[in-house]
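So the protein sequences, as listed, match chains A and B.
Numbered according to the numbering used here, the first sequence spans residues 1 to 244.
Numbered according to the numbering used here, the second sequence spans residues 1001 to 1234.
Please note that a few of the clues may not be correct.
[What the hints assert, rightly or not] Derived DEER-like restraints, expressed as beta-carbon distance ranges:
1) S1098/B to M237/A: 50 to 58 Å
2) H115/A to G1091/B: 49 to 57 Å
3) E1087/B to P152/A: 53 to 61 Å
4) W1052/B to A33/A: 33 to 41 Å
5) L104/A to A1208/B: 45 to 53 Å
6) R1102/B to I117/A: 33 to 41 Å
7) S1098/B to A235/A: 31 to 39 Å
8) A33/A to G1091/B: 56 to 64 Å
[What the hints assert, rightly or not] Output of the computed footprint for chain B on chain A, the stretches with three or more beta carbons under 8 Å from beta carbons of chain B:
9) 134 to 148
10) 172 to 178
Derived by calculation from the structure, the hints in this document are not laboratory data.
Since the model is a prediction, treat every value here as computed from it, not as a measurement.
Glycine included, C-beta positions come from ideal geometry on N, C-alpha and C.
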Amino acid sequence: MTSSSFSRSSPPAALVDRPVIDWVLLVAIASVAAVYVRAIAFTPIEARQGAVQKLYYLHFPTALGAYIAVGVTALTSIVFLWLHDERADRLAEASAEVGAMFLLVVMAMGSIWAHVIWGTWWAWWDPRLSLTLFLWFVVIAYLVLRGAIEDPAQRGRYSAVLGILGALLIPFIHLSVYFTDAHLHPMPIVAKPDKPSLPPEMLLTFLLSFAAFTLLTVALIRARYRIGVQRDLLAAMDESGGGA
Amino acid sequence: MTDRADLQPPGVLAAAWLVVRKDLAIEYRTRTAFLSAVVFSILGLTIFYFAWDQSVVAPGDRAPGVLWVVLTFSALLGLQRSFGIEEHDRGIDALLVSPISRESIYLGKAIGNLAFLSAVQLVAIPALVLFYNLRLGQPLLIVSGIVFLAMLGIVAVGTLFSAMAVNTRLAELLLPMLSLPFFVPILMNAAQAGARVFAGRPMSESLAELKILIAFDIVFIIACTLAFPFTLEE
């Protein structure tokens, strides 16, 4: 830091104009909390599984959020290699971080549920569990790669390449893990051809939880994206400030 | 003076072959990577022999698993070096200014890595047969074929990641982290098909795994060839 950094009269407007409170994120967190109050207090307990079934209202929607986030990373990776737009790179970074966190939540909730219902914390024979774990490894590698490169243009290209190859990898992992005959994972209840076979209160809680977590996913990606914008602005200021 | 006709740039495959020859010549003269990968493989075979209770799991039942673990990690040793040697004296710059396409550099590096890894396996697989008392015969030949299919995929992905990893702050630490998740479907299918062949079951039971393996090789050889130019400095 040189003294010129401190003597600058006014920082760029973009750094000042940012609203201090992230309302979208607050609304998202509040709706997740509301869904959980409903899930715990106002939704019937499942007859055979008992209270542990309530993890479903966290497990399914976070899985959806994780898939949205990872999908956004793959798409924005393609966009970045195509248009070289730094916004695409920042969006890819933001959604990869959110995806990594959600995948971890999905696995943790699944693991707790499996401990009660299957009697084991981890089940290698369950294809979806293995798929989620390997997907998580790819996302973590993506984030570590980003952290290991200083030059923004190079970081953008490398991580976009990894993002696209990772998207190509998913079908292969899917094919490989589904080869085992054991399908222990609960089969679709809501999205099956005929009518959903669960009580209307549960169905409503599910739909609300999907909505709340989709909002949370978008809000977290947005918040993380804005941190990226600030960070890049700050880096640009440091560079120009050092020379002044 | 040289004849102007000689100065035509070589075609994609001819240029790739020049890169292969360059890399293999360096390896032939130094032999550092080859010897360390061979010694590593044999050490791995012996360590894994003692990693299980001999009275519970028979050596013959362990052999297929040991084969894949040793193959994976010796591959990482070779892949590390593939672009590592170009960093010394910035050899990669000379490759980039030479009149050959970037795809040729990738294909040349990948073929060189495949040759390197095959040579290591030519020592490691006989050592496995020796140490684990495997029977010679048709199953071993089929498993060697599966090993080759697996190596194609490993080399396709690993060569690209080697080029990326050397340009990062973490360098050699990053390559396994990037590559291993991509090796998962290769190893899962190759190991399952291989174990069945070793157990004397007919090939027809493993066709699905082999199809996935071949599809992986095709998809990732094409994808990584196309992606490679993006990993080089502009």
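Structure-based check of all given hints:
At about 41 Å, the CB distance of S1098/B to M237/A disagrees with the hint of 50 to 58 Å. The supplied range of 49 to 57 Å is met by H115/A and G1091/B, whose beta-carbon atoms lie about 54 Å from each other. Here the CB-CB span from E1087/B to P152/A is close to 22 Å, at odds with the stated 53 to 61 Å. Hint check: W1052/B to A33/A, Cβ distance near 50 Å, so the stated range 33 to 41 Å is violated.
At roughly 32 Å, the beta-carbon separation of L104/A and A1208/B lies outside the given 45 to 53 Å, and the hint is violated. Restraint check, R1102/B to I117/A: a C-beta distance of roughly 52 Å breaks the suggested window 33 to 41 Å. The hinted range of 31 to 39 Å is satisfied by S1098/B and A235/A, whose Cβ atoms lie roughly 35 Å apart. Distance hint check: the CB atoms of A33/A and G1091/B are about 58 Å apart, consistent with the given range 56 to 64 Å.
With 8 residues having a Cβ less than 8 Å from any Cβ of chain B, the region 134 to 148 of chain A passes the three-residue criterion, so the hint holds. With 5 residues carrying a beta carbon less than 8 Å from a beta carbon of chain B, the region 172 to 178 of chain A meets the three-residue requirement, and the given coverage holds.
Hints 1, 3, 4, 5, 6, counting from the list given before, are not met by this structure.
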